[in-house]
Amino acid sequence: MDWGALHTILGGVNKHSTSIGKIWLTVLFIFRIMILVVAAERVWGDEQQDFVCNTLQPGCRNVCYDHFFPISHIRLWALQLIFVSTPALLVAMHVAYRRHEKKRQFRKGDQKCEYKDIEEIRRQRFRIEGSLWWTYTSSIFFRLIFEAVFMYAFYFMYDGFRMPRLMKCNAWPCPNTVDCFVSRPTEKTVFTIFMIAVSSICILLNVAELCYLLTKFFLRRSKKAGNSKQQPNHENKEETKQNEMNELISDSCQNTVIGFTS
Amino acid sequence: MSWAFLRDLLSGVNKYSTGIGRIWVAVVFMFRLLVYVAAAENIWKHEHDEFECNIKQPGCENACFDHFFPVSHIRLWALQLIMVSTPSLLVVFHVAYRENREKHHNQKLYRNPGKIDGGLLCTYLISLILKTGLEIVFLILFYKLYNGFKIPRLVKCDIKPCPNTVDCYISKPTEKMIFLYFLVATSCLCIILNLSELSYLIFKYFIKCYLKRHVKKQQ
Numbered sequence: 001m002d003w004g005a006l007h008t009i010l011g012g013v014n015k016h017s018t019s020i021g022k023i024w025l026t027v028l029f030i031f032r033i034m035i036l037v038v039a040a041e042r043v044w045g046d047e048q049q050d051f052v053c054n055t056l057q058p059g060c061r062n063v064c065y066d067h068f069f070p071i072s073h074i075r076l077w078a079l080q081l082i083f084v085s086t087p088a089l090l091v092a093m094h095v096a097y098r099r100h101e102k103k104r105q106f107r108k109g110d111q112k113c114e115y116k117d118i119e120e121i122r123r124q125r126f127r128i129e130g131s132l133w134w135t136y137t138s139s140i141f142f143r144l145i146f147e148a149v150f151m152y153a154f155y156f157m158y159d160g161f162r163m164p165r166l167m168k169c170n171a172w173p174c175p176n177t178v179d180c181f182v183s184r185p186t187e188k189t190v191f192t193i194f195m196i197a198v199s200s201i202c203i204l205l206n207v208a209e210l211c212y213l214l215t216k217f218f219l220r221r222s223k224k225a226g227n228s229k230q231q232p233n234h235e236n237k238e239e240t241k242q243n244e245m246n247e248l249i250s251d252s253c254q255n256t257v258i259g260f261t262s
Numbered sequence: 001m002s003w004a005f006l007r008d009l010l011s012g013v014n015k016y017s018t019g020i021g022r023i024w025v026a027v028v029f030m031f032r033l034l035v036y037v038a039a040a041e042n043i044w045k046h047e048h049d050e051f052e053c054n055i056k057q058p059g060c061e062n063a064c065f066d067h068f069f070p071v072s073h074i075r076l077w078a079l080q081l082i083m084v085s086t087p088s089l090l091v092v093f094h095v096a097y098r099e100n101r102e103k104h105h106n107q108k109l110y111r112n113p114g115k116i117d118g119g120l121l122c123t124y125l126i127s128l129i130l131k132t133g134l135e136i137v138f139l140i141l142f143y144k145l146y147n148g149f150k151i152p153r154l155v156k157c158d159i160k161p162c163p164n165t166v167d168c169y170i171s172k173p174t175e176k177m178i179f180l181y182f183l184v185a186t187s188c189l190c191i192i193l194n195l196s197e198l199s200y201l202i203f204k205y206f207i208k209c210y211l212k213r214h215v216k217k218q219q
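For the record, the sequence lines run as chains A and D. So the first sequence is numbered by our numbering: it starts at 1 and just counts up by one. So the second sequence is numbered by our numbering: it starts at 1 and just counts up by one.
Hints in this document: simulated from the structure, not taken from any laboratory. Just so you know, not all the hints are guaranteed correct.
[Stated by the list, open to error] Under the rule of at most 25 Å between Cα atoms (straight-line distance), these lysine-lysine pairs were calculated in the BS3-like manner: (1) A:15 with D:15; (2) D:115 with A:108; (3) A:103 with D:150.
With the rest of the complex left out, here is chain D (with noise of 0.2 Å):
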């Protein structure tokens, strides 16, 4: 069980999409899935191992390190990419229930089981605002939990057993910080997408609204 897995099924949901969709899930795996296992996993690697405090006193700099990194940024990196890919499968699902209702009738219910009309739309639509939540959602966790998306060089710690106040040093926190505003330009990048997406297909519905009203009218 790995990545591999969210890239299957990243490419099944690659079907029924429309091109923005399509656009959505070509970044998510360029710019954020490939980033991810090539290059950041192994900054964060050793975090722990590399984060030194000016102090003998065993255990605070366990202590320390807990206390500024409740959840290091590489894990809710990673929940981040499972979560905002995880609503498309809503769409796969419903396709299977389409399929699944006419073989169990036996006859043809749908014109195509995979085109994006009636329930399917509403599907989609649900799952493209999921997605942005989600996206915002983690986008604002980021900011609140490390108090913008700045990574200090050093940090000061008063925490037990450290006595008095002690110096902690952060390992690699340039590179850190960049990899993390990368996160949020492509993180901004897929929020845009899928606003523009849920745009373009409300449009659209209203357009052949309008249109059906206007024909049955002239009729």
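Isolated chain A (complex conformation) (with noise of 0.2 Å):
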């Protein structure tokens, strides 16, 4: 368990996001998540060990640690995936509550049920209208939530993006000042530095892609409200062509996905 199970779990999700959240998903996975586990960890690995206080008092060298790291970076931002993470699960779990019903639908022989068989359900690709709208805003939503708690967290503990090389202690049981040297305090910085920026590059997807969501939204309403009083055939044909071209736009990003994951 680990990492990977997440990419397969929200790999699932990529099919029924729109073009800016695959371009999100790919971020999340190559400059965050592979990032923290072939790179940072190793930064942070020897962390205590390397954390020199210049006292031989036994518990001086662990006391300040504490003081100055209530929570290590690494772990934050593990915390932070997996918040960030988790509102795709409620898409997920709405996709699945729709294929149930049209499964049902299915069994039960209903007319109104299009699918020649099973299959088709599993692998037909639902689009964002409706109640499932709403879910997928949500979880828009509550990323960018996440995200700016997390962000903010970050720079209220640390007081900044800065990790400095030397920190002066007095805890007990120092005697009086002691200084404490962390280690590697530039390559954590880079580190540090990048985690961040990489994050607002995140943000700004789920902005865009929050504003591209309520665009079609109000798009579609005035244009349902503007064919209310055509002919129903001219709606049918505008309808499909916009199929079509949801169509490609995923098939293209899907390429570029698998491409990667593959």
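Hints are included, so try docking the two chains, each in its own frame, into the full complex.
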């Protein structure tokens, strides 16, 4: 059980996302999770062992380390990634529920059901409209909130995003004030700034996706209001054209993501 | 053999669960298993090496560590995850037994072997009660073993061979406490999910019984 399992879970959601959502997922996996696992964990690996204080007093190092790092950067990032990935599960559950309902309809032999077999229902990609739109939009909203909260918690806990070389500590049992030295401060600062930058990019992507969905929603509403006066054939042609365009966009994005995963 | 085995097990259980059961599986995956493997394990990795006592007496640190941490938090956490996921296996076994029976008798005995009714409903309810019970047992164990869910920075130790009383310092106490609270919160969430699923199933069953009786009376 590791980040690979998360990749499997979220990969399923990918099919039903917008193009911006697919880009967000790619950024999440390549520039955040992969960097965390392959690089950042090594940098922070020997944290407390190499945290050295200029004293022989036993216990002083432990206490000073605990005082300056209530929760390690690497753990905060891991929690942030888990919380930020969770809202996508809401979409996955909603899609699974819809599929379940369609399968039930199909099994009952409903005339309204337009699928030829169960496999087609399993492969079908649902459009983001109706209640799925609301679920999808709330998931993006929660993602944004979690990202912002963690960024703020980071900034608040560590007084900015720099890792100092030297920290002065006078927590008991350290006698007077003691100099403590952090291991690899520059490398840690570089990675911190990198992760914060990618977080900001993800926030921007989420905001763009939210605006895109809201625009689509209002356009669809105004089109419906306009089309209710026109003939129904005209509306079907527009819908089929939009469907084809959506399929083309999603297929091209799908190929990019499949290329990355294979 | 690793956590991937538990993950595959729970994915199998997912098929025969109700909606709330699936939410429970998702919570266990994302907020308990993944957090454990990705974050918590590393915090407790070097806990013994980083446990420091203000003394040079050989053996004192070992004795004090053993006195204050009879079973490490992280091991209790792992045991809890395994125990809490296991009752779901009862449901999987029962469904497999049903399918086996159908194959043995070479005829369709059940409308759908995976549907939660009759004996499978009893098994499902028992598994829910066991899950909830085990969660509560482990929470009480944590509370009793460590005097609450706090982890102090300093503990005073006077176990032999330590001469008199000695100051011992625990490593990363704040970080450990944060993750311990996280564990307690997710445990409580899982208990609430299990109890709501239990009430939902019992309520559904009584409504079905009542309707059946009502229809019979009308006939």
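Mind checking the alpha carbons of residue 103 (chain A) and residue 150 (chain D) for me, to see if they're no more than 25 Å apart?
Roughly 50 Å separates the two Cα atoms, so the pair is violated.
Taking 25 Å as the top limit, are the C-alpha atoms of residue 15 (chain A) and residue 15 (chain D) close enough?
Judged against 25 Å, a Cα distance of about 21 Å means the pair holds.
Please verify whether residue 115 (chain D) and residue 108 (chain A) have alpha carbons no more than 25 Å apart.
Holds, at roughly 16 Å.
The structure fails to meet hint 3 from the earlier list, while all remaining hints are met.
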